[in-house]
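Student: Taken in order, these protein sequences are the chains called P and A. Here my numbering is used: position 101 in the first sequence is 101, and no number is missing along the way. Here my numbering is used: position 1 in the second sequence is 1001, and no number is missing along the way.
It is possible that some hints are incorrect.
Straight-line alpha carbon distances no greater than 27 angstroms define the calculated DSSO-like cross-link-like pairs of lysine-lysine that follow [unchecked claim]:
id: 1; chain 1: P; residue 1: Lys68; chain 2: P; residue 2: Lys42
id: 2; chain 1: A; residue 1: Lys1036; chain 2: P; residue 2: Lys99
id: 3; chain 1: A; residue 1: Lys1040; chain 2: P; residue 2: Lys109
id: 4; chain 1: P; residue 1: Lys69; chain 2: A; residue 2: Lys1019
id: 5; chain 1: A; residue 1: Lys1019; chain 2: P; residue 2: Lys109
id: 6; chain 1: P; residue 1: Lys99; chain 2: P; residue 2: Lys58
Just so you know, the hints here were simulated from the structure itself, not pulled from any lab data.
The residues making up each chain are set out below.
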Amino acid sequence: AQSVTQLDSHVSVSEGTPVLLRCNYSSSYSPSLFWYVQHPNKGLQLLLKYTSAATLVKGINGFEAEFKKSETSFHLTKPSAHMSDAAEYFCVVSSGTYKYIFGTGTRLKVLA
Amino acid sequence: ETGVTQTPRHLVMGMTNKKSLKCEQHLGHNAMYWYKQSAKKPLELMFVYSLEERVENNSVPSRFSPECPNSSHLFLHLHTLQPEDSALYLCASSQDATGDFSSTDTQYFGPGTRLTVL
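Isolated chain A, as found in the complex (with noise of 0.2 angstroms):
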């Protein structure tokens, strides 16, 4: 496997349940992200892990709860979730070399989750 790695490619769930999203990275890279893409909207930053530490909680309701075990792997744990959050989950990586990030780090996407809430 290359590049960012996201599984399941599709969820569908209903609103009592707990389900999980998995994302792994072959970059060696030290940051990961997660962004929410819904229909007619830019994408939003969910949650960054720079060194397996949460930098940015972009206010997501608390019914999304990041992990980050390690910085090859990035987990998304969904519970009582609304229809609203129905979207397409993103997951990226970045290499922030300078300790600090930096304008010019890029960021590589992976293919996403679909994800339908009942």
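The following block holds chain P by itself, in its conformation from the complex (with noise of 0.2 angstroms):
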């Protein structure tokens, strides 16, 4: 069975800092995994995703996230951390149909 644990609920940094949103993941075979934000009152858009090709994923708005099998993790990262990016991010694994495991969100706080 497939699950995914997103390791914190809130996270805060400082504007220029850099971002470390964790997930971890549990998988009976090789996984895809994503990574999706939600801003306030706006539906879930796409970051990034893993497919089993390149194990570093570099994604829109500057974020990435590496996939590491032996750890079961692919967290999500950004170098410097911008007022925009204040949202919910979710990682997602799935389960090979169409069947997506949500994380239950990490909601990320940019301070000025």
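Assemble the dimeric complex from its two separately framed chains, guided by the hints.
Tutor: The following block contains the structure:
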């Protein structure tokens, strides 16, 4: 069975400092992993996805994530936070069919 | 219009009303989804359609009735809802290229309909 755990429900960073949002997954086979972002009163926007190609995945808006099989992790990072990055971030593992397994979300706050 | 659109964006209804949510995708996809997003809970998959046929009904109460008249449109018909049904309802679409879904298929989401049941 697949599952995903987002280790922090809230993260606060200062503008211009690095962002790290942590995600661990469990999968019985090689998974596909996704990060989505949701701004207030908006739908989910795809940031990036991993599908067994390069382990370091670059996404939109300067975000990237590294797939580490030995650690079963897929953490999301960005070198320098912007105020516009304040949102909720969801880590998702795909179960091999149409079923996305969503994490509970990490709310990112960016301080001026 | 591009991507996935949903109307209305906000809806307030009484428990005895009947209303419908509409989703339209402009991506040429062949699979569409309804999700429920409640506060403090992970997103819940409600229904999945592939090529206009329902492939998933995730133990959703019968007061929610989906309809997929073609691959571009998806409706969620609502009747006699309960206050606990208040949530953000998200529509998504994907391209099921292999015909049997793939873990690499990417779902694209609409902005959602914020539903409040009084």
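Student: Please go over all the hints and tell whether each is borne out by the structure.
Tutor: Taking the hints in turn, this is what the structure says about them:
As the CA atoms of lysine 68 of chain P and lysine 42 of chain P are separated by approximately 30 angstroms, the hinted pair breaks the 27 angstroms bound. Our distance criterion of 27 angstroms between C-alpha atoms is met by lysine 1036 of chain A and lysine 99 of chain P, whose separation comes to about 14 angstroms. Straight-line distance between C-alpha atoms of lysine 1040 of chain A and lysine 109 of chain P comes to about 17 angstroms, which keeps the hinted pair within the 27 angstroms bound. A distance of roughly 46 angstroms separates the Cα atoms of lysine 69 of chain P and lysine 1019 of chain A; the hinted pair therefore is violated under the 27 angstroms criterion.
The hinted pair formed by lysine 1019 of chain A and lysine 109 of chain P fails the criterion: a straight-line CA distance of about 36 angstroms is larger than 27 angstroms. For the proposed pair lysine 99 of chain P and lysine 58 of chain P, the alpha carbon gap of about 24 angstroms is at most 27 angstroms, so the pair holds.
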